[in-house]
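What follows is each chain in one-letter form.
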Amino acid sequence: MKTKLLSTVAPTVVAAMLLNSTTAFAAGYVNPNNLPTATPIKHIVVIFNENRSFDHYFATYPVAANPAGEIPFVSKPHTPTAANLKTAGLLTNNPNDTNAANGTGATNPFRLDRTQANTASQNHAYTPEQEAYDNGKMDLFPKFTGRGTAGGVGAFGTSGQVMGYFDGNTVTALWNYAQNFAMNDNAYTDSYGPSTPGALAVVAGQNNGAVNVLGTTSTIPDGQGGLTLINDTDPAFDVCSSKTSTLYMTGKNIGDLLNAAEISWGGFMGGFDLTRTNINNTTGCARSTFSSVTSGSTADYIPHHNWFMYYKSTSNPTHARPSSLQAVGHTLQPNGESLDPANHEYDLEDFYGAVLGGNYPAVSYIKLPAYQDGHAGYSDPLDEQEGTVQLINFLQQQPDWDSTLVILTYDDSDGWYDHLYAKPTWASYDPTADQVNGPGQCGTGVATQVQPNGVNGKPVNGRCGPGTRIPFIVISPFAKQNYISAKRITQSSVVRFIEDNWLNGQRLGGGSLDATSGLITDMLDFTQAPNNKLFLDPTAGTVTVSVP
Amino acid sequence: MNSRSLWLLGAGLLSMAGAASAVETQGLSGANPHPLHLVRPRTAPLSAMAQLGREIFSDASLSSSGALSCASCHSPEHHYGPPNDGPVMLGGRDLSQQGARAVPSLTYLERTPNFSIGPEQSDDDNIVPLAQMAALGQQSARAKKTASATAASAANIVPQGGLFWDGRADTLQSQALFPLLDPHEMDGGSIERVADKFRHAAYADRFTGLFGEGVFSNPKLLVAEAMFAVARYQFEDVSFHPYTSKYDYWLEGKARLSESELRGLQLFNDPEKANCGGCHLSNPTREGLPPLFTDHQYEALGVPRNGLLAQNRDSGFFDLGACGPARKDIAEQTQYCGMFVTPTLRNAANRHAFFHNGVFNSLQQVLDFYNFRDTNPDKVYPRAADGTVEKYDDLPAKYHANVDVSDPPFDRHPGETPAMTAQDEADIIAFLNTLTDGYQPEK
Numbered sequence: 001m002k003t004k005l006l007s008t009v010a011p012t013v014v015a016a017m018l019l020n021s022t023t024a025f026a027a028g029y030v031n032p033n034n035l036p037t038a039t040p041i042k043h044i045v046v047i048f049n050e051n052r053s054f055d056h057y058f059a060t061y062p063v064a065a066n067p068a069g070e071i072p073f074v075s076k077p078h079t080p081t082a083a084n085l086k087t088a089g090l091l092t093n094n095p096n097d098t099n100a101a102n103g104t105g106a107t108n109p110f111r112l113d114r115t116q117a118n119t120a121s122q123n124h125a126y127t128p129e130q131e132a133y134d135n136g137k138m139d140l141f142p143k144f145t146g147r148g149t150a151g152g153v154g155a156f157g158t159s160g161q162v163m164g165y166f167d168g169n170t171v172t173a174l175w176n177y178a179q180n181f182a183m184n185d186n187a188y189t190d191s192y193g194p195s196t197p198g199a200l201a202v203v204a205g206q207n208n209g210a211v212n213v214l215g216t217t218s219t220i221p222d223g224q225g226g227l228t229l230i231n232d233t234d235p236a237f238d239v240c241s242s243k244t245s246t247l248y249m250t251g252k253n254i255g256d257l258l259n260a261a262e263i264s265w266g267g268f269m270g271g272f273d274l275t276r277t278n279i280n281n282t283t284g285c286a287r288s289t290f291s292s293v294t295s296g297s298t299a300d301y302i303p304h305h306n307w308f309m310y311y312k313s314t315s316n317p318t319h320a321r322p323s324s325l326q327a328v329g330h331t332l333q334p335n336g337e338s339l340d341p342a343n344h345e346y347d348l349e350d351f352y353g354a355v356l357g358g359n360y361p362a363v364s365y366i367k368l369p370a371y372q373d374g375h376a377g378y379s380d381p382l383d384e385q386e387g388t389v390q391l392i393n394f395l396q397q398q399p400d401w402d403s404t405l406v407i408l409t410y411d412d413s414d415g416w417y418d419h420l421y422a423k424p425t426w427a428s429y430d431p432t433a434d435q436v437n438g439p440g441q442c443g444t445g446v447a448t449q450v451q452p453n454g455v456n457g458k459p460v461n462g463r464c465g466p467g468t469r470i471p472f473i474v475i476s477p478f479a480k481q482n483y484i485s486a487k488r489i490t491q492s493s494v495v496r497f498i499e500d501n502w503l504n505g506q507r508l509g510g511g512s513l514d515a516t517s518g519l520i521t522d523m524l525d526f527t528q529a530p531n532n533k534l535f536l537d538p539t540a541g542t543v544t545v546s547v548p
Numbered sequence: 001m002n003s004r005s006l007w008l009l010g011a012g013l014l015s016m017a018g019a020a021s022a023v024e025t026q027g028l029s030g031a032n033p034h035p036l037h038l039v040r041p042r043t044a045p046l047s048a049m050a051q052l053g054r055e056i057f058s059d060a061s062l063s064s065s066g067a068l069s070c071a072s073c074h075s076p077e078h079h080y081g082p083p084n085d086g087p088v089m090l091g092g093r094d095l096s097q098q099g100a101r102a103v104p105s106l107t108y109l110e111r112t113p114n115f116s117i118g119p120e121q122s123d124d125d126n127i128v129p130l131a132q133m134a135a136l137g138q139q140s141a142r143a144k145k146t147a148s149a150t151a152a153s154a155a156n157i158v159p160q161g162g163l164f165w166d167g168r169a170d171t172l173q174s175q176a177l178f179p180l181l182d183p184h185e186m187d188g189g190s191i192e193r194v195a196d197k198f199r200h201a202a203y204a205d206r207f208t209g210l211f212g213e214g215v216f217s218n219p220k221l222l223v224a225e226a227m228f229a230v231a232r233y234q235f236e237d238v239s240f241h242p243y244t245s246k247y248d249y250w251l252e253g254k255a256r257l258s259e260s261e262l263r264g265l266q267l268f269n270d271p272e273k274a275n276c277g278g279c280h281l282s283n284p285t286r287e288g289l290p291p292l293f294t295d296h297q298y299e300a301l302g303v304p305r306n307g308l309l310a311q312n313r314d315s316g317f318f319d320l321g322a323c324g325p326a327r328k329d330i331a332e333q334t335q336y337c338g339m340f341v342t343p344t345l346r347n348a349a350n351r352h353a354f355f356h357n358g359v360f361n362s363l364q365q366v367l368d369f370y371n372f373r374d375t376n377p378d379k380v381y382p383r384a385a386d387g388t389v390e391k392y393d394d395l396p397a398k399y400h401a402n403v404d405v406s407d408p409p410f411d412r413h414p415g416e417t418p419a420m421t422a423q424d425e426a427d428i429i430a431f432l433n434t435l436t437d438g439y440q441p442e443k
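These protein sequence lines map, in sequence, to chains A and B. Position one of the first sequence corresponds to residue 1 (my numbering), numbered consecutively onward. Position one of the second sequence corresponds to residue 1 (my numbering), numbered consecutively onward.
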């Protein structure tokens, strides 16, 4: 039902479809299909969802409980084993159950049903996550990352809830993508902590170099006279941001490198266009959408999820609109002279419109409207599935699918239980904030393990990592089929891939982890016959024969 | 504009339809001149989880008396509210213990927001503590609550949301556990005892099918899952939120209201008259969801003390709602003492226990309270031995300042004309009767 997709995009899409595709690259814009790249990939789409750990979505993969009355999930033959709770034998006799320090929250991992998609959110701040990880024993999750907010009135909540996991009866689409494409079970956030450090990691590989603008912020002194952002704070100057607490970052991000090389790219977020009015008559920063799963409404745009707004060079504080769909992804307007007002920051609807109009950027970062971003509490796996599947179905129908790489990954784990500890590669010794290896300790000690460099080239605190293990799935004609990679990667591996593919391996510098992060290419095979497309039903997550 | 258009404007219906043209109804047709489409919850077969919840909901063996299930006090035949005329229900081991408060209906809770002070924060990453919001509320201006300007008062930094009269449970799951364990209600004894009953229930295998074999060895989790199943039953089963009242059909242009009912709707939404719509919202939401007849905000109305409640024989006992005694986490916010949540008015016409203490048993008494509380308090409150009227006798004197005296019709003074005439009250009651589910629309 292509019409269903079209009915959700802006009226400008219709105008876009009337564009002559040869004018889509006027004014010296280079068609990404003609850019020199290290691999056959000409378009990367990073779908950056919210707040789920690897075990929370893949604990028993590929085996689902399949209770009576639910759509069963049947795995393909020869599915490789994942490093999950099932294969680790941790579904029973789990240390989070036997460790009495967890008090009344002590419990083994347990299955969350599809009807329990709406749950409370967990506590996923920098320090509690480290405390839960307990020097690698991974046994204090109920104590430290137990419930945050309640979730909607119909939500499920219990004190040991952090030990809950979904299976293929709920995260059906993700399991189907894993079966038909490739995923990594050794992928981590660059540092512990919630959304904003994760957002900065996936575009800059660096959370040091913060400058406060309004009020106090979730930063810590980095030990070199600067600040590192370890939790969430809104970006400065964004008209939708908090009026009492904001900051900006002084390092560089991948957008700066792409701009210098005149490669088309954009950050596309639900709710970004403040001039639109939603069905429920909300507009501006207050645009919101009602979810029947959570039985509540939530604001579409969340400032502290906006990767590029934190950097002056790539920010769009007033949410200015692009001069046209042709200009989407480009620094200059089609006349080749004036700057395009949007500065590479757009609404998700602009992504659909630009791609349909033949203007498919080389690099696109996607954030679904909040009710679909997957964050426990105000969103949920079923709404997340709907938005994610719709987008991936759409991309597979485009003529340039044959050179596309979709990365589906997460900004943080929400503090949900995961059993695999990553010994710190990047140390940090803030006396209060760092706790994973002991009080004030992340790493083996300053004498034996110095902290990673900050933006000024000196060791800084606040970057304790790798942090929490997150799902990381690649969907592409070049993705290996039904493959699980065990190569260690982190969010900054996305930055590294973009640099290796389009920029001849140019690096950001300033202590960015792009230089040392792992490669995602183990999940890709550029010599294989192209992988088949996989169309899914957005509501059920099941495989459909025809395009839904 | 004629008076009929005036009340439609008050109800916000004209502005919603986007029409400023004069209303064309003839006096006797009673149809909504601007029908709209209401979005009702999708109906679907109950999930396995909800089916388990349905079993538990009517399982009286969970009570120590063996005679009380959820359905006993939340009667399906009485819109999931009390099945008799008493102010409270009786429970406990020998069914002689009074519940602390009137039993709320379980209908129309599926859109209740979490408890908060001020509008709900949707950013889960940075949670602002309640005490901090309460402090902000004390410094902030509070918009008057009138039926013609509900958007303004929606932003007031006041307590809102949550379940029970005091909002102490955010989810249907957590709410369900309280009556189960309350010694004056189902008196389930303990988590362990209740868990053991589930292990041996006729429907026990439904637990393992959904949650795995391990669920029976973890009593706390078992009971949490069971309460979630009950919540899921309420969430999915359409009988908990059918939106089949005459008023719903009138909104959609499928029913006509009588003259009295129409007058009642007008009075309901008139800030100069009853102004019920200031708190009991009567308009559909912007998404077309039917009105819930509550903005979920808390109010201290100072209703009279109910001498029929055993707990009130102790003259030093006061049920203070948001600040206690049942709710314990914001006891220090004494500006909220005496505040209780605004309930829905849907299906209220069939109730016989009104307000948290069930002090009134008819809509007539309720309307008399709103009408005379300030102009003729002697009609509402008892007199002391010396003849003085004991206004707000169910609230300690130090909290009398918490009572709402600014939102109409509570902004009147002794000796002033009451807001409603006897005919007005009768018309409003007629309108309230149109909010009862189960109406059969014409054609």
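Hint data in this document are derived by calculation from the structure and do not stem from the laboratory. On a predicted model such as this, the values are computed, not experimentally measured, just so you know. Ideal placement from N, C-alpha and C gives every residue a C-beta, glycine not left out. A few of these clues could be false.
[Stated by the list, open to error] Okay, the calculated beta carbon distance ranges per label pair: (1) A:397 to B:61: 16 to 26 angstroms; (2) B:132 to A:221: 20 to 30 angstroms; (3) A:215 to B:421: 26 to 36 angstroms; (4) B:135 to A:432: 19 to 29 angstroms; (5) B:379 to A:69: 24 to 34 angstroms; (6) A:214 to B:139: 18 to 28 angstroms; (7) A:423 to B:143: 50 to 60 angstroms; (8) A:545 to B:209: 51 to 61 angstroms.
Checked against the structure, which of the hints given earlier come out wrong? 1, 3, 5, 8
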